[in-house]
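Protein chains: 2
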Amino acid sequence: MASSLISRQLTLSLQKNHRLSAAGCRYVSKAAAKTQVEYDYDGPLMKTAVPGPRSQELTKQLGEIQNVGAINFFCNYEESRGNYLVDVDGNRMLDIYTQISSIPIGYNHPALLKLMTNPNNLSTFVNRPALGILPPENFPDKITESLLSVAPSGMSRVQTMACGSCSNENAFKAMFIWYKNKERGYSSPSDAELNSCMINQAPGCPDLSILSFMGGFHGRTMGCLATTHSKVIHKLDVPSFDWPIASFPRLQYPLEEFTRENAQEEARCLEEVEDLIVRWRQKGKPVAGIVVEPIQAEGGDNHASPDFFRKLRSVARKHGCAFHVDEVQTGGGCTGKFWAHEHWAMDDPADIVSFSKKLLSGGYFYRDELQADKGYRIFNTWMGDPSKNLFLAEVLNVIRRENLLEEVVRSGKALLNGLYELQTQYPSVLSRARGQGTFCAVDVRDAETRDRILVQTRDKGVLLGGCGDSSIRFRPALIFKEYHAHILLNILNDVLAQNK
Amino acid sequence: MASSLISRQLTLSLQKNHRLSAAGCRYVSKAAAKTQVEYDYDGPLMKTAVPGPRSQELTKQLGEIQNVGAINFFCNYEESRGNYLVDVDGNRMLDIYTQISSIPIGYNHPALLKLMTNPNNLSTFVNRPALGILPPENFPDKITESLLSVAPSGMSRVQTMACGSCSNENAFKAMFIWYKNKERGYSSPSDAELNSCMINQAPGCPDLSILSFMGGFHGRTMGCLATTHSKVIHKLDVPSFDWPIASFPRLQYPLEEFTRENAQEEARCLEEVEDLIVRWRQKGKPVAGIVVEPIQAEGGDNHASPDFFRKLRSVARKHGCAFHVDEVQTGGGCTGKFWAHEHWAMDDPADIVSFSKKLLSGGYFYRDELQADKGYRIFNTWMGDPSKNLFLAEVLNVIRRENLLEEVVRSGKALLNGLYELQTQYPSVLSRARGQGTFCAVDVRDAETRDRILVQTRDKGVLLGGCGDSSIRFRPALIFKEYHAHILLNILNDVLAQNK
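Order-wise, the sequence lines are chains A and B. Quick note: the first sequence uses our numbering, first residue 547, plus one each step. Quick note: the second sequence uses our numbering, first residue 547, plus one each step.
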């Protein structure tokens, strides 16, 4: 495998370009000089259908141990490099799904491997602390160097957590605590509150709610799940809360061509939000917070305008609700800015911003007043994992050193333009191409065709994911370059030609 | 610091024994040959009060970033070894709290450090997979070697998760899914179920409940929190579910002296459980599962007899409820068996056993029929962390190689006997000494005295934790030996002498 690694600054060989153009597509890179470092491969290489025989064998083995209904295939992570995921049958795929959008700078990045060999770091991996009570000496410096260096505007505080769901669960709790403290004028809780909370009853466990959006996804633990409304499979059979759910704008794309229609749709949704806040207050279940994704990801890559979010933020403020922006999938640079909410250009975009995935562990930033008033109110054993912060600090260094956000803008433009052209070329198959940075998606005419396209592109060496009812989502790593977009678009073009 | 490391097989020096006996206590080890490996220190060494000046400075620094109300002090994990935690002021403490019971074989165990330097393992740390869709090649073998090698009786299936709360949340979901599938005869869900679940309403999000126990602790995310009833600070201001809560037996100790009284108390609680199951079914919120800790830990180290748990398991079966044993704190060997439920001596102890902490990441074992019927029903991005499984496999090797469960029985006996003697010596301060293995506790006359004793023992070099209203809990690592128990008991004796 190592022999197929490409060397630094190597431009795409003519032979390679020739092979790609032979597929009859115009997306071959013209000028993109290759700046990829040597840990990337030079293209997909397929040896078997996917899953291949070894993956099938392992799936059977794992099936004796747990449900394998969602397993795609088994991976050889040792041999995976950069944008390429290698499977156990030796197939090498351009990875545009990146472990559900959670690999920031590709596989086996040399900077991260190097960090592992530094003896000063060993202890951080071997001794996982209970961060909330006994943090390591370098913890304040490390989160200042990593997380706080990318803190959203207006926030200088962050609480680490171990995963996306725990981040949102605790962000919700922070909003409930904030809301109740405000309500009781920051005085001590009453005996009635203290006694009733131990048996799950009001007033101690109050009937507060979180307003969420249809199509939203915020995780699958029970608090999160009450705000998740993207797919039946997540929610069926699990008890939930009677919390308000607003329509999320269903926009027409390209956004710039439908400004008036989209503005009307957004106004309708904002009105619904206010109406729900009033109704739930009347029902005795006041809305403590609003949670929203900057782009609904799992629910189908639904966008809304900066204007929508600015107005939503105002609605929250007007009604005394906290405003929680869930950047678990959108955060980390894939929209061309480190946080998707930066596209709203606000000094005070949110009260809480939660993250996970590309940030390698979870947590949430928050405005000062959202801090719980006492220790142990927001708490668990580990409260994150310093070994992940160690990696994150290095990931951020790489992003800065290699100007990866600019790269994302550039390769994202190539990707989205390519999708526009493909949907013009295959109007009966593709529609509604949309995106910000490389965070792109396109709708397929139906779920069956979408699923078939995903399998066929995979068999040709490009790994993609679905989202929503019948969309394809593009979630490459931040080291995805223009020429990777062209490889992807060429193969997608071939597959679409078979599915006209 | 390195100069104070002791060498293998070194017996406690006479000088050391002399220093300890000078404190006027009878707990000095008589015969316990020292078999500790060289990574342990030879005793506590205190330089400042705790928290010392450096810890205070760092706490202030971290206070600008997050709530620090629960911070005890900052640690130097590089210098910590074996049973000893070193803080940033150079204080070295015998650690009987082990990061809230989550360090299985002490700090910087050579076997774990060695694992970090194996180049074959690098990729596992650097490339965190989405385990539910794209597991690494060695995943089935690795969980067979690690988790399945300690699977509870009757279980050959395990689902990994990243932390204790996620483990319990997903275990609850597995019970809800199982219950509903059973109820609809394993046929497809109705349209009404599919449509209503998307908006959090019945029948799709059914009014099912989990029965838990007063004093229980199962985590702090919203589903878990509805079954947690140990302390007000966890629950206040967070909305919850109307789920049934039974009394947990309040036994008299030593258990063998109060057999009749305790049996009566347990019968009362079991009757209450059945009564609640019937009442909640009548309320239209049937109990899908019962969740219980083998020893209520956070809630005050409350024990119940094997007979109680065997009968509780039968009650669950009789009423068609799943039986979930939460071994997050009790699991991993600290009771002298790998799982605390092994003390019940049952072939079929539970439907679900959840774990985390000493097992380094989370998850749950389950009986075949508790497996969700489809992929993506129990799912999240990471579904655990293979790098933690790597450590766990090695931890299990060490436990077996060094016969650590036998050591736990031995040192636990020394610890509990010492506590019995101390409570005889200080009857106005201590009572209800109790324990299994090294998982021990003792009650102090009031919370204020308990808290003072914790501070004073810490200042003398022993780190302990509280639990319940006014108990001290002992949670050493599995490498805690008899002579460590004697060091601890000597110091505790000194402190108690000041608090008579």
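Since the hints were derived computationally from the structure, they do not count as laboratory data. We put the CB at the ideal spot given by N, CA and C, even for glycine. A hint or two may mislead.
Not the full set, but computed from the structure, chain B residues with beta-carbon under 7 Å of chain A [stated by the list, open to error]:
| hint | residue |
| --- | --- |
| 1 | Ile611 |
| 2 | Cys621 |
| 3 | Asn673 |
| 4 | Ile679 |
| 5 | Cys709 |
| 6 | Phe722 |
| 7 | Val784 |
| 8 | Phe804 |
| 9 | Gln969 |
| 10 | Thr970 |
| 11 | Tyr972 |
| 12 | Pro973 |
| 13 | Ser974 |
How the hints compare with the structure:
1. Hint status for isoleucine 611 of chain B: holds, given a least beta-carbon distance of 6 Å to chain A, under 7 Å.
2. Below 7 Å, beta-carbon pairs count as interface contacts, and cysteine 621 of chain B has one with chain A at about 5 Å; its hint therefore holds.
3. Taking 7 Å as the C-beta contact cut-off toward chain A, the hint placing asparagine 673 of chain B at the interface holds, the least distance being around 4 Å.
4. With a cut of 7 Å, the hint placing isoleucine 679 of chain B at the interface with chain A holds, because the nearest CB-to-CB distance is about 5 Å.
5. A distance limit of 7 Å between C-beta atoms decides the matter here; for cysteine 709 of chain B the minimum to chain A is near 5 Å, and the interface restraint holds.
6. Proximity of phenylalanine 722 of chain B to chain A holds as hinted, the smallest CB-CB distance being about 5 Å (cut-off 7 Å).
7. With 7 Å as the threshold, the beta carbon of valine 784 of chain B comes within range of chain A, its nearest partner Cβ sitting at about 5 Å, so the hint holds.
8. Look at phenylalanine 804 of chain B: its Cβ only gets to about 27 Å from chain A, farther than 7 Å, so that hint breaks.
9. Because the smallest distance between the Cβ of glutamine 969 of chain B and any Cβ of chain A comes to about 27 Å, over 7 Å, the interface hint for this residue is violated.
10. The interface hint given for threonine 970 of chain B is violated, since its Cβ lies 32 Å from the closest Cβ of chain A, which is over the 7 Å cut-off.
11. Annotation: tyrosine 972 of chain B was flagged as interfacial toward chain A, and the flag is violated, the nearest CB pair being 27 Å apart, outside 7 Å.
12. For the restraint placing proline 973 of chain B at the interface with chain A, the shortest Cβ-Cβ distance is roughly 31 Å, beyond the 7 Å limit, so the hint is violated.
13. A cut of 7 Å between beta carbons decides the hint on serine 974 of chain B: the least distance to chain A is about 29 Å, and the hint is violated.
Hints 8, 9, 10, 11, 12, 13 from the earlier list are contradicted by this structure; the remaining hints agree with it.
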